[in-house]
Amino acid sequence: MRDLHNLSGGKHVRGSSAYSVFNPATLEIVGRAPLSTAFDLDDAVTAATAVLKGQWSRDEALRREALANCADILDRHVDELARLLSLEQGKPVVSAAGEVRIASRICRHYAARTTRPEIIRDTNADRVTVLRAPVGVVGLIVPWNFPITILFMKLGPALWSGNTVIIKPAPTTPLTTLRLAELFSSALPAGVLNTITGEGDIGEALVAHPGIAKISFTGSTTTGRRVMQSAASTLKRLTLELGGNDAAIVLEDADPDLVAPRLFASAFTNAGQLCAAVKRLYVHRRVYPQLVEKLQRLARETRVGVGAAATTQMGPVNNRMQFDRIRGLVDEARAAGANVCDDGDALPDLPGYFLRPAIVTGLAADARLVVEEQFGPVLPVLPFTETEEAIAQANASEFGLGGSVWSNDPQRAIDVAARLEAGSLYVNSHAIPPDPEIPFGGIKASGFGYELGDWGIDEFSIRRVMRVEHPAGAKA
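For the sequence shown, position 257 (counting from the first letter as 1) is numbered 257 according to full-length UniProt numbering, and the numbering increases by one without interruption.
Read the hints as simulated data drawn from the structure, not as lab findings. Glycine included, C-beta positions come from ideal geometry on N, C-alpha and C. Hints are not guaranteed to be accurate.
As the list claims (entries may be wrong) - Across the chosen pairs, the derived CB separations fall in these ranges:
(1) P433 to P410: 19 to 27 Å
(2) N124 to I462: 25 to 33 Å
(3) R226 to R368: 19 to 27 Å
(4) N408 to R121: 40 to 48 Å
(5) P433 to R58: 30 to 38 Å
(6) D366 to T222: 14 to 22 Å
(7) E293 to I119: 56 to 64 Å
(8) T385 to E293: 16 to 24 Å
(9) A208 to P410: 44 to 52 Å
(10) Q229 to V468: 37 to 45 Å
(11) R262 to G337: 26 to 34 Å
Can you make the complete structure from the sequences, with help from the hints?
Written as structure tokens, this is what we have:
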């Protein structure tokens with residue numbers, strides 16, 4: 001068990017009290033994290049504001065070197081961080097190591113990126129250019145499903161742009177973030193990276209704090225609406241990456257042998273706890289029986305277990321609330337006559353939040369399991385006859401994070417995918433690991449703004465227009 005502290009202004013802060021973090025597989029205590037107070041938040045904001053006045057916000061080379069050093073630190077500590085992340089989140093250690101490696105890749109991407117001149121106009125009369133500056137002190141609010149990957153999707157572009165940050169991890173997964181902050185204190189100037197931990201009250205205080213210029217939040221749509229309301233009083237900038245209920249459409253010419261493993265992986269990665277996972281699967285009746293059979297076999301063969309075990313392919317759900325919600329949705333579907341293929345109870349001898357991956361068929365289009373985001377290891381599979389029908393059902397959702405189309409005819413799939421109402425569109429893939437070159441974001445109730453890529457930098461930058469009028473005859 002580890003007691004970890006917050007980082008504020010380069011100093012380790014124990015806090016006046018602490019709370020326990022549990023392993024969702026065994027329900028044993030993994031460690032303890034501070035319960036931050038409003039005074040702790042004020043101190044962190046003060047420290048983050050002070051460093052903005054120095055070299056950090058003006059010196060791109062300094063920031064790029066710091067990001068490269070952070071990548072080196074991540075590479076040296078992959079094993080340690082992966083074990084800790086697996087313990088507090090529940091995922092297999094190999095998956096946790098993948099998160100740390102993605103974080104390193106994001107840091108290296110931004111460490112290698114240099115400022116690119118932005119010229120709007122350059123004529124005999126004038127020259128119009130774009131100047132960039134950091135937004136200021138930004139709050140990064142991170143969920144429990146991919147605590148490190150999602151953190152760095154925000155942190156990479158935020159630091160590259162010259163901001164300082166205050167990180168608020170989820171209450172159930174703070175430990176790896178706190179350890180990272182401890183490690184990064186040797187690579188970043190004091191006050192650039194700060195952390196606060198605790199329940200929703202400290203997150204609400206972060207959003208409302210007048211010293212915070214921007215909030216980048218990843219979480220549920222319900223909480224995102226509250227974030228937006230709270231941020232309005234201080235006119236904060238916002239990036240909201242919220243819920244998703246991604247649809248995948250399998251056309252009649254798709255090969256079930258090829259698409260089944262990839263669809264299954266997307267739906268059940270991280271026990272289905274992925275905002276951009278396939279959460280609704282629409283399959284043409286011509287290939288529906290074969291694809292369902294193959295998905296059911298993959299579900300039966302999946303090895304569910306404790307994240308530390310080398311044989312584990314899928315760990316537990318992270319917390320009791322989510323566990324109960326998923327079971328409730330499945331029980332409701334079964335009671336309504338749906339067929340649930342989940343191969344029985346998962347590890348009944350262990351106290352953790354284990355569920356078997358479930359393939360659910362025989363559902364109505366308006367079933368809760370189809371309409372709502374389940375965020376767990378359950379995949380509803382629905383047949384269709386006409387492509388127009390599938391497009392309409394896919395778009396009949398308040399969410400608009402991602403969508404995919406699967407076909408042996410790429411151009412036809414492109415044409416269908418272009419009609420899906422989602423921010424990220426895929427053909428013959430879905431929710432690939434974050435690529436630092438590719439922006440990611442949603443529409444509708446899935447939020448607004450982007451992370452990663454150049455668009456991610458835009459979210460953490462203030463852009464100003466400078467027009468220089470040339471003296472008469474100064475330019476030929």
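Hints, verified against the model:
no. : hint                     : result
1   : P433 to P410: 19 to 27 Å : holds, 22 Å
2   : N124 to I462: 25 to 33 Å : holds, 30 Å
3   : R226 to R368: 19 to 27 Å : holds, 23 Å
4   : N408 to R121: 40 to 48 Å : holds, 47 Å
5   : P433 to R58: 30 to 38 Å  : holds, 34 Å
6   : D366 to T222: 14 to 22 Å : holds, 20 Å
7   : E293 to I119: 56 to 64 Å : holds, 58 Å
8   : T385 to E293: 16 to 24 Å : holds, 19 Å
9   : A208 to P410: 44 to 52 Å : holds, 48 Å
10  : Q229 to V468: 37 to 45 Å : holds, 41 Å
11  : R262 to G337: 26 to 34 Å : holds, 29 Å
When each numbered hint is compared with the structure, no violation occurs for any of them.
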